[in-house]
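**Student:** Residues in the sequence shown are numbered from 195 upward in steps of one, following this note's numbering.
Some hints could be false.
[Said to hold, decoys possible] Straight-line alpha carbon distances no greater than 30 Å define the calculated DSS-like cross-link-like pairs of lysine-lysine that follow:
#: 1; residue 1: 453; residue 2: 618
#: 2; residue 1: 453; residue 2: 615
#: 3; residue 1: 313; residue 2: 618
#: 4; residue 1: 615; residue 2: 358
Worth flagging that the hints you see were computed from the coordinates, not collected in a lab.
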Amino acid sequence: TVGHTASTVRCRWTNLDPLEPTQWMASEMKTPLLPEKKQDPQAGQGTPLSTALNLAATSMGTGLLTLPHVFAGCGPLVASILLGVLSITTDITLVLLVRMGRMLNVMTFGSLMRRIFGKSGSLVFQLTLISVLFLALTAMQRVVMDLLPIFVESICGLIPGTVKPLALSMFVNFFVIAACFSKNYHSLRFTSGAALLCLLPFVLSLWFNAATAVESPRSVADSMSSEGFLLASPILASSLAGGHFSIMEMSSQLQSRYKESIYGVIHVVFLAVIPICYVSVSWAGVVLFGADTPEDILVEFQGDYVMEVARGILSFTNALRMPLILMPLHTLVCDTLHMLTVSQGAGAAGAAGAAGAAGESSALNAWRLFLGMPMLLLSSAGLAQWLSTLSSILGLLGGTCGVIGCFCVPGAMYLRVWYTKEGKTTSDCAIGAIFAIIIGFAVVISCCLSWFH
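Could you build all of it, start to finish, from the sequences and the hints given here?
**Tutor:** So, in structure tokens, the structure goes:
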């Protein structure tokens, strides 16, 4: 080895100019001792904090208004147990989605479904998820229309009814579209932080009113019923949904050194932060109103200036969360349109088929680049204007397609990968997938029974 090294040095030395004996030494000094690290082309700019803010902001918001009523109708202790079970299920399904995305090297929910179930199966699932996200976006629009005009009128001293809800909603949607065209979840970290910050006036004021309450309300036992129990799990499940449709993209945009921290972020958000916030707010509402806890907790604070402001500020929370729903919705719609375009183009023949495919491709590019997000946002605003109550939207979303898309579908996808041995799966995760499917169907059955109760 020594002889080989010496001969190598002599060869390299003889190739240099003998009049410059320092040339070889200079060239060796410039040679790095360790190879340079190549940057991961798929690494993003996200951090654990920005990802946690995005996840929390995607789920928290509208559900806070109805959770106290759920706890009163089901019983605070039983509702807390149900929330714990559903939080664990949410945590399991989010982890499964991240694992499958990394195993199969895909970064969107739609691409993952197409990879596992093929075109026909993924089309059905994508249409289901599109309806979930669109209804969630519609619910956010409805909250903005209901609460933001009250806030503006209160701040500006205007007569109630002066501000038109639809006109104000269009103004808000303009800024939502601007945020969505950033096409980067990391850039929305300030939006997510502001969304969570907007919840503080409502939460703190509710806690303060509960702590300083003088009169004792009717016992919550008077409002507990089997119907309240059946309705509890669908509403609680809907208050935890949302992160499933964007978690894979958030994970892919984490910096390389934070890639493995995504699992800890999921555990902290859905096993600690959100359940603690939901339970504390719900118990505060029950302490204040007992058996008379209303479906919308904010309607009972007429004349309370702090809650009046909180009612309006809460609408900002939904406005700031809209990009986190609209962006994955737009991605799913684009994937579905692309799938339909490719299948139709494959069935066409000759020059006419090629020309038709080119036209469809141009239309799809136009939708993807600048038409899709505005049209989805405006159509959801129109539907929110047409539907008169928020409960009708949440009732349709909570116990049906939302639970199936967030719990059952991720579990079924993981079991499919585990069965076909396409990726590196584990039996523990397969058991978690089965658990998620069982809980999902139990919530659907509970919702259906509540309709016939």
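**Student:** Are the hints correct? Go through all of them and say.
**Tutor:** We went through each hint and held it up to the structure:
no., hint, verdict
1, 453 with 618, "holds (18 Å)"
2, 453 with 615, "holds (24 Å)"
3, 313 with 618, "holds (23 Å)"
4, 615 with 358, "violated (56 Å)"
Checked against the numbered hints above, the structure breaks only hint 4 and satisfies the rest.
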